[in-house]
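Visitor: With the hints as your guide, set chains B and C onto chain A.
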Amino acid sequence: MSTAVISPVESPKSWILPYRGKVAMASLIIAESSIFTIFVVAYLFYLGKSLSGPTPREVLETPIFFTICLLSSSITIHFAGKSLERNNRAAFLALWSLTIVLGVLFLFGTGMEWHRLIHEHGLTISTNLFGTTYYSLVGLHAFHVTAGLIMLTVVLIFGLAGRVGQDQFRRVDVLALYWHFVDAVWVVVFTVVYIVGR
Amino acid sequence: MARTTKSKMIQATRELAMSALTSVLLAPQTLAAPSQTSIFSPASTPAKSILSLSMFVLGITGAIFVVVVTLLAYSILKFRASSVTANSEPAQVYGSTQIELAWTIIPILIVVVLFLATARSIHAIQDAPEPAEALDVTAIGHQYWWEFRYPKLGIVTANELHIPVSDPEHPTPTFLQLLSADTDHSFWVPELAGKTDLIPNHPNRMWMDPHRTGVFLGQCAQYCGTQHAKMLLRVSVDNPQEFAAWVRGQQQPAVEDPNVATGRQVFEHTACINCHTVSGTAADGRFGPDLTHLMSRTTIAAGAAENTPNNLRLWIRNPDAIKPGSLMPAMKLSDEDLNAVVNYVETLR
Amino acid sequence: MSSNAITIPVLPVQEKPWVDLLHEWVTTVDHKRLGILYIVYALIFLGLGGIEALIIRIQLMHSHNNFVSPQVFNRMFTMHGTTMIFFVAMPILFGFANYLVPLMIGARDMAFPRLNAFSFWLSAFGGLLLYFSFIGGSGLYGAGNAPDVGWWAYAPLTARAFSQGHSSDYWTLALLVSGFGSIGTAINIIATILCLRCPGMKLNRMPLFAWLNLVMAGMVLIVITPLSAAQIMLLIDRYLGGHFFDAQAGGSAVLWMHFFWIFGHPEVYVLIIPSFAFMSEIIPVFSRKPIFGYPVMVAATVCIGFISLSVWAHHMFTVGMNSYANSFFAITTMAVGIPTGIKIFNWIGTMWGGRIQFKVPMLFSIAFLFQFLIAGLTGIMLACVPFDWQLSLSYFVVAHFHYVIVGGILFALFGAFYYWYPKMTGRMLSETLGKWHFWLFFIGFHLTFDVMHIPGLLGMPRRIYTYEPNRGWDTLNLVVSIGAFIQAIAIMVFVWNLISSYIHGAEAGNDPWDAWTLEWSTGSPPPAYNFATVPVVMSRRPLWDLKHPEDPDSLYE
Chain A
1 MSTAVISPVE
11 SPKSWILPYR
21 GKVAMASLII
31 AESSIFTIFV
41 VAYLFYLGKS
51 LSGPTPREVL
61 ETPIFFTICL
71 LSSSITIHFA
81 GKSLERNNRA
91 AFLALWSLTI
101 VLGVLFLFGT
111 GMEWHRLIHE
121 HGLTISTNLF
131 GTTYYSLVGL
141 HAFHVTAGLI
151 MLTVVLIFGL
161 AGRVGQDQFR
171 RVDVLALYWH
181 FVDAVWVVVF
191 TVVYIVGR
Chain B
1001 MARTTKSKMI
1011 QATRELAMSA
1021 LTSVLLAPQT
1031 LAAPSQTSIF
1041 SPASTPAKSI
1051 LSLSMFVLGI
1061 TGAIFVVVVT
1071 LLAYSILKFR
1081 ASSVTANSEP
1091 AQVYGSTQIE
1101 LAWTIIPILI
1111 VVVLFLATAR
1121 SIHAIQDAPE
1131 PAEALDVTAI
1141 GHQYWWEFRY
1151 PKLGIVTANE
1161 LHIPVSDPEH
1171 PTPTFLQLLS
1181 ADTDHSFWVP
1191 ELAGKTDLIP
1201 NHPNRMWMDP
1211 HRTGVFLGQC
1221 AQYCGTQHAK
1231 MLLRVSVDNP
1241 QEFAAWVRGQ
1251 QQPAVEDPNV
1261 ATGRQVFEHT
1271 ACINCHTVSG
1281 TAADGRFGPD
1291 LTHLMSRTTI
1301 AAGAAENTPN
1311 NLRLWIRNPD
1321 AIKPGSLMPA
1331 MKLSDEDLNA
1341 VVNYVETLR
Chain C
2001 MSSNAITIPV
2011 LPVQEKPWVD
2021 LLHEWVTTVD
2031 HKRLGILYIV
2041 YALIFLGLGG
2051 IEALIIRIQL
2061 MHSHNNFVSP
2071 QVFNRMFTMH
2081 GTTMIFFVAM
2091 PILFGFANYL
2101 VPLMIGARDM
2111 AFPRLNAFSF
2121 WLSAFGGLLL
2131 YFSFIGGSGL
2141 YGAGNAPDVG
2151 WWAYAPLTAR
2161 AFSQGHSSDY
2171 WTLALLVSGF
2181 GSIGTAINII
2191 ATILCLRCPG
2201 MKLNRMPLFA
2211 WLNLVMAGMV
2221 LIVITPLSAA
2231 QIMLLIDRYL
2241 GGHFFDAQAG
2251 GSAVLWMHFF
2261 WIFGHPEVYV
2271 LIIPSFAFMS
2281 EIIPVFSRKP
2291 IFGYPVMVAA
2301 TVCIGFISLS
2311 VWAHHMFTVG
2321 MNSYANSFFA
2331 ITTMAVGIPT
2341 GIKIFNWIGT
2351 MWGGRIQFKV
2361 PMLFSIAFLF
2371 QFLIAGLTGI
2381 MLACVPFDWQ
2391 LSLSYFVVAH
2401 FHYVIVGGIL
2411 FALFGAFYYW
2421 YPKMTGRMLS
2431 ETLGKWHFWL
2441 FFIGFHLTFD
2451 VMHIPGLLGM
2461 PRRIYTYEPN
2471 RGWDTLNLVV
2481 SIGAFIQAIA
2491 IMVFVWNLIS
2501 SYIHGAEAGN
2511 DPWDAWTLEW
2521 STGSPPPAYN
2531 FATVPVVMSR
2541 RPLWDLKHPE
2551 DPDSLYE
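Residue numbers (our numbering), protein chains in the order written: chain A, 1 to 198; chain B, 1001 to 1349; chain C, 2001 to 2557.
So that you can see chain A by itself, here it is in the shape it has in the complex (with noise of 0.2 Å):
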């Protein structure tokens, strides 16, 4: 036997609270901005202190292209979600392959940076405390625009398939956040390494 309980006073009129979803992206931004925070301390702590090899402004070359594409692609996703929200489907997916290719063309910047480090500068991860905070830094932000592509892309293939309709919007919404949230990680680490950091 279980027993339910009744109240016998009236339930409130209206009782809204937040959607799961975003609670739980936003939540997950918090935890994800905590690691970059210790990457980033441990990048401007050691600015300065490597006992030889290159330093930043012998070598870094400040990726405008590159870094305009990453940011455009919060915009594109923007108006993305918006055209999903009025049910236009085929600027949502148009807008969002757009990210794609955006932030697929950030990610081959960041190998042709890196590409042009290692064999022109000699620059890898353990040539000295620069190279190691450099590619840690970078390498974790470029692991997670990579882990947000295939979220992207996945998305992308249910989209095209006509899986994704204007119902969905709450949960295309919540990706779009962690797309935004990697672009402002961008926006501090591009800070950090190209303007502070030189």
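Don't take each hint at face value.
Derived lysine-lysine pairs resembling PhoX-like cross-links, with alpha carbons at most 25 Å apart [unchecked claim]:
#1 A:LYS22 with C:LYS2547
#2 C:LYS2435 with C:LYS2547
#3 C:LYS2202 with C:LYS2547
#4 C:LYS2359 with B:LYS1078
#5 A:LYS22 with A:LYS82
#6 B:LYS1078 with C:LYS2435
Quick list of simulated restraints, FRET-style, between CB atoms [as the list claims (entries may be wrong)]:
#7 C:VAL2495 with A:THR146: 31 to 37 Å
#8 B:VAL1093 with C:ASN2066: 39 to 45 Å
#9 B:VAL1255 with C:ASN2066: 34 to 40 Å
#10 B:ALA1124 with A:ALA147: 50 to 56 Å
Chain B is nowhere near these chain C residues, computed Cβ spacing over 10 Å in every case [said to hold, decoys possible]:
#11 LYS2016
#12 LEU2021
#13 GLU2024
#14 PHE2134
#15 ILE2222
#16 THR2466
#17 ILE2499
#18 ALA2528
#19 VAL2534
#20 VAL2536
Because the hints were derived from the structure by calculation, they are not lab data. Here the structure is a predicted model, which means the values were calculated and not measured. C-beta: ideal position from N, C-alpha, C; glycine also.
Guide: Same frame as chain A, but now just chains B and C:
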């Protein structure tokens, strides 16, 4: 209750608690064999300063303890459910702003007082300037032994530190610079000072000015590997004449005794010289302790064994028998060679 | 009981083949079953960690003992600490949170049941990975690969040069994996509490248990990842030639310490805050009064959460920070004691004027108050930096933190077991066995941990596998070890109680303690759906309102 009577009662309770606590804490010292590493028998200014701060803190925390435990005990005794009251619920009280304020503000005041006392003590110990008459010693932590260098005196020794006693009228403190050759260690001789860590790439500094002569014991306090437990410290505080004599002895090059020439041969043709230094000879290794004046030390293996011929012999033959996991390898010498080396090493006064 | 109850007839369940039952448990996403899985898992590791402790205590019984080699001893204290924090305390507290939070807020399950299951299995795998280290590599006898670097794994001891083989990697990977599990659970708790409360349950009407677990979950999000970050850096150092903590390349051992303790200190608040949650539910019920100062208790907990993020370097007072840094961490550490003290006063205030029933959960709660007070006071002593220069890294600190974790957290947990076991199983735990458990454990605990402060004051450092006979520590260590064995016996009584009560215990009914929060309004154990109809609440004590319609809480809040 009148305020003055109340504060006198609090004061009396506090004194009572303090003395009760002190006797409880000092009891083990008197009951058991007197400990040479007790924080309650300081012989140097930093340790004394710490003890007086700790007595103050113990007094305050003791008073807090008495007050809160009394309240807890009273509530358990006075407000227990009895058969009479069991079937009805007591008055449902939800809180009281005044009470909450009271027991927020009083702890804040206590914290302020404690913090001021603490900050003062921190500065007094940490930021003490180094007088010109101070002795400078560099301590380098190794797995699992202590290297001591006296840069201005040209002395290198190991494990047993000799420092001069300091007359409070004309202080001659010892200032230690703390470095590490490998992992983290910590220098702790409770009767002389609080502990300070030895961390690679992070030089630290501490000082002590012992007010009485004698031998003071301690050991490494930061886990540094397998034989952390036997990285012992022995600080000999000498009067000025004894200290001068010790310094002179340490400054001499190694004794050259022709009787132990065979042993010296074995020593210099084995891997011994890769790790150990005997000044004035071919042995100039830095990985292990300097052996130039080994026989001036009371113990070997950083205090793990008494410095006797038998122990020396055992140590050289099989260090794991005395200190399993120490980084000195078993030398695998023949009995003849072993005896010769021990005889040689026994001459290094 | 409530006269408004509706009984819903439930068909009798037929005996299932054990294979199907096992399958159900392994694939479950039900928060109640996952909660029990967490708790049982933690109890098993409590046994393992306890055995490690007994080995340590036997070795230290007298000076120059030879019970185990230094290599084995160093593995024992490393594994004991790591096990108890990560695979006993965290899972057991997550288990209780998992079980109780949805019930207390009138929800049917956690916000993300599958994430819940995934987080449990991740954490469970981490524990198994850590213990696999005993048989990895060179095998069981002596030279096994269990980590031996201490549970803080200080650099550079964990560098390739000083930590050959894979022992440190087992430590790193096991904790990395279970850390991600913890973050998953924390996200779930937050989303559940913020999004799934039943109608009428505004945040200021939630049971304190829910509030405190919300604060705990928020802290987990912020503090577990610094450890994960540091561990990733360690792996980069060990395997990719990185230099984060490589002194030869200019790296800093102190940086590891900062990162570790930025995790490590708030972590102990992550552990104590759910224990406070237990106390905040149990003490009112057995005092027959509502918690004294509910809003202050919430505010104090939030303050503790924030301030605890700023105290971490009090574990590093001997490291050689300058006097300003030392003073800063001294004041923040003392400051965190203020809201903590306020909570103790509020619990006493709850008991004051009440009608206290000395059932077993209340015995453990009273002991908690006494012991947590002492633990807090020795903590204040340690906050006084110069005093800490003597006490740090000695057995005084070991005594202090065991006082918090065993005397505080474990006692609160025992109280929680006796209080909620009837809800989870439908049976009461035996009061007689419970009293034996309590008194044996109380005596053993005090014998061990009161006395343990003294060797610290007499100069005994921690993490030493043996000590010299001339230090005067022999008798004290013997007494400490005897207490440990008494505690072990008490735990065995407890386990026996858990098992025998499951079979023979008195039937509990819905509400054996005449309590006031929503979990007591449904069956023992609750049905899979928790509540037949989603409850609607008007106050902090919905069942009090139902039982006392002439004087409901809703009039006073």
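Visitor: Each hint should be assessed against the structure and marked as holding or not.
Guide: Structure-based check of all given hints:
no.: 1; hint: A:LYS22 with C:LYS2547; in the structure: violated (38 Å)
no.: 2; hint: C:LYS2435 with C:LYS2547; in the structure: violated (30 Å)
no.: 3; hint: C:LYS2202 with C:LYS2547; in the structure: holds (21 Å)
no.: 4; hint: C:LYS2359 with B:LYS1078; in the structure: holds (17 Å)
no.: 5; hint: A:LYS22 with A:LYS82; in the structure: holds (16 Å)
no.: 6; hint: B:LYS1078 with C:LYS2435; in the structure: holds (22 Å)
no.: 7; hint: C:VAL2495 with A:THR146: 31 to 37 Å; in the structure: violated (47 Å)
no.: 8; hint: B:VAL1093 with C:ASN2066: 39 to 45 Å; in the structure: violated (60 Å)
no.: 9; hint: B:VAL1255 with C:ASN2066: 34 to 40 Å; in the structure: holds (38 Å)
no.: 10; hint: B:ALA1124 with A:ALA147: 50 to 56 Å; in the structure: holds (53 Å)
no.: 11; hint: LYS2016; in the structure: holds (43 Å)
no.: 12; hint: LEU2021; in the structure: holds (42 Å)
no.: 13; hint: GLU2024; in the structure: holds (42 Å)
no.: 14; hint: PHE2134; in the structure: holds (18 Å)
no.: 15; hint: ILE2222; in the structure: holds (25 Å)
no.: 16; hint: THR2466; in the structure: violated (5 Å)
no.: 17; hint: ILE2499; in the structure: holds (31 Å)
no.: 18; hint: ALA2528; in the structure: holds (34 Å)
no.: 19; hint: VAL2534; in the structure: holds (27 Å)
no.: 20; hint: VAL2536; in the structure: holds (22 Å)
Hints 1, 2, 7, 8 and 16 from the earlier list are contradicted by this structure; the remaining hints agree with it.
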